[in-house]
Amino acid sequence: MLLRRIYQFLIIYLLGLFLLLVIKYALNLSDYVIPGPVEIWETCRETLPRYFSDVMDTLSVAIIGQFISIVLAISIGVIGRQATWFGSFVKVAAYNFQAYPIVAIAPIVFILLGDGFISRLLIAAMICYFPLLLSVVGIMSEPISDIEHFYRITGRMRWQLEVKIRAFENLSKLTTVIAGSATLAMAGTIVAEFIAANAGIGYSIRIALYQSNLSKILVALFTIGVSLSVYQGMLEMAGYMINKRWKG
Amino acid sequence: MGGKLIKLIYTLPAVILISLFIKTENGFAAQKSVQMNYRLKWLFNASVVGDLYADANGFFKTRGLDVTVKEGGPERDAIRELELGYAHFGVASADQVIRALSKGAPVVVIAQLFQINPLQWIHRTEKFNIQQIRDLKGKVIGVTYGGNDETIMRTLLAKEKIADNEVTLFSVRYDYTPFYQDKVDLWPVYRNSQGITIASKLRASGEEIGYVNPAELGVQFVANSIVTSKKMLMDHPEIVKTFIRALLAAWEESLDPANREKSLTLVGKFDKDTPRVHLEEQLAVTRSLVKPSLKIKIGSIDTQAWKQTERIMLDQKLIPERVHVERALKHYIR
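The listed protein sequences derive, respectively, from chains A and B. Residue numbers for the first sequence follow numbering that gives the first Met the number 0, beginning at 0 and rising by one. Residue numbers for the second sequence follow numbering that gives the first Met the number 0, beginning at 0 and rising by one.
In case anyone wonders, no lab produced these hints; they're calculated from the structure. Every residue, glycine too, gets a C-beta built ideally from N, C-alpha and C. Each hint should be verified, as a subset may be incorrect.
[What the hints assert, rightly or not] Covered stretches of chain A, as calculated for chain B (at least 3 residues, CB under 8 Å):
{"hint": "1", "segment": "15–23"}
{"hint": "2", "segment": "105–118"}
{"hint": "3", "segment": "195–206"}
[Stated by the list, open to error] Non-contacting residues of chain A with respect to chain B, defined by C-beta distances greater than 10 Å in every case (computed):
{"hint": "4", "residue": "MET0"}
{"hint": "5", "residue": "ARG44"}
{"hint": "6", "residue": "LYS90"}
{"hint": "7", "residue": "ASN95"}
{"hint": "8", "residue": "PHE96"}
{"hint": "9", "residue": "PRO100"}
{"hint": "10", "residue": "VAL102"}
{"hint": "11", "residue": "GLU141"}
{"hint": "12", "residue": "ARG157"}
{"hint": "13", "residue": "SER171"}
{"hint": "14", "residue": "THR174"}
{"hint": "15", "residue": "TYR209"}
{"hint": "16", "residue": "LEU217"}
{"hint": "17", "residue": "VAL225"}
{"hint": "18", "residue": "GLU235"}
{"hint": "19", "residue": "ILE241"}
Let's have the full structure, built from the sequences with the hints guiding it.
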């Protein structure tokens, strides 16, 4: 599963790179517009270790941000699943909050909290949590009538049991959504770093853009892709194991 | 019916391709009024007054050119657009030009807009004054890592052999709070845009400000210039000449104190968020940077300053080897 993720990424990356080079040579573009293979290789040798360390920094923030957003989405999803006034209020508040573009909120976050770890974490969690919330609300609002009916007529239904039943019955959906949200957490952290942070791969990409250095950006994309593939592969494996253990 | 549809599906892209080819081949010669794009470096504000003035007052049209002046921005790169054919002329900073040349981009400089680089450092004069480079010792200095200001500041420090541990470099972003809070002594600003806004806020709270101009400390780093592609220059020298004459005439007229009101009204139409009083100051400062003395003609290329810019970039390993930038400078104004 893990290896498949990595080589799938490598195929996509190399295809993209190949396409860029085809455009470069077909249109006879200079290395300033699209760098040549030698320059890309040399930049890769020079910057890969540094960028790898930057990506690890970004990934660590993304993982914590994703964890926070999972907790947040499940909490709001569980409350919002209720057809009560409060449940609908929580849902509306959560949806409205997401309506504001993060890039517009991010500068305020950085002004208030500074350009350190907390700001990056908050923005990563903000970008990641909404799709998770939608899935959790969707799953948690859908009754599993066959099973729930028994507990209801016997008067043994409690909200904790309801949540457990619905989560168990939709376990594979939940694990898929959580694995997919890793991409969003990573993207959120990179956006935050790009806007204002002083560390991480997003910050390095910004500097490379200042220097009009596309080779560095291509190397950065490579390190992001590889790291994310490994992380997502690990999440998928964890999901598979949980499914296997619970459902047999 | 099905066969006709398939034929159409096959034929349509071919027709589109051929028509595109014909348009390209006919190029400028077949058209009465030449349609061209001019990509600026930054957003529409007082620092591009001449460009706006040329467009609004028909400087291009009366000379038979149909030019669309396009706003720039952080994600825009005029040199790349020239090479990809999206723009015919553009504005680029000297470091962009030198980087592009070092990577083989076929770009030429046809005029230098700013004779003095607007990128300077603002500071509170009640705290200190910077008369010479060594006065920077012990200061907290804002720089945008990877930006021009980092290059210029490092050159200043290297010139006086000031070690990294003798100053504190502070990473700068769009948020000026650290400077307002006095956590940073010197903050990089564009003298004719943010510089005016920051200065007015500080003056309002009773603080006096000054600027560190690297050129006065011996570091000339060229700012924005007008560029085009080598192909454009070779294939259509007359158009290039007409364009640059029209544009520089517009710059001259827009900065003429007699046309101040007209220029301010024009800039105000595009830059609605800047108060009129700031626009007035921005225009005055832009004038002093573009035309610092009556002797200097707008658009003159300062070859020595370009050479120094290249040397700085070479010293800081921003380019691997010399590009002989002087060969890419085309002097239309002398």
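These are the hints, each one checked on the structure:
no. : hint    : in the structure
1   : 15–23   : violated (count 0)
2   : 105–118 : holds (count 4)
3   : 195–206 : holds (count 4)
4   : MET0    : holds, 37 Å
5   : ARG44   : holds, 15 Å
6   : LYS90   : holds, 34 Å
7   : ASN95   : holds, 26 Å
8   : PHE96   : holds, 23 Å
9   : PRO100  : holds, 16 Å
10  : VAL102  : holds, 12 Å
11  : GLU141  : holds, 43 Å
12  : ARG157  : holds, 49 Å
13  : SER171  : holds, 40 Å
14  : THR174  : holds, 37 Å
15  : TYR209  : violated, 4 Å
16  : LEU217  : holds, 14 Å
17  : VAL225  : holds, 24 Å
18  : GLU235  : holds, 34 Å
19  : ILE241  : holds, 41 Å
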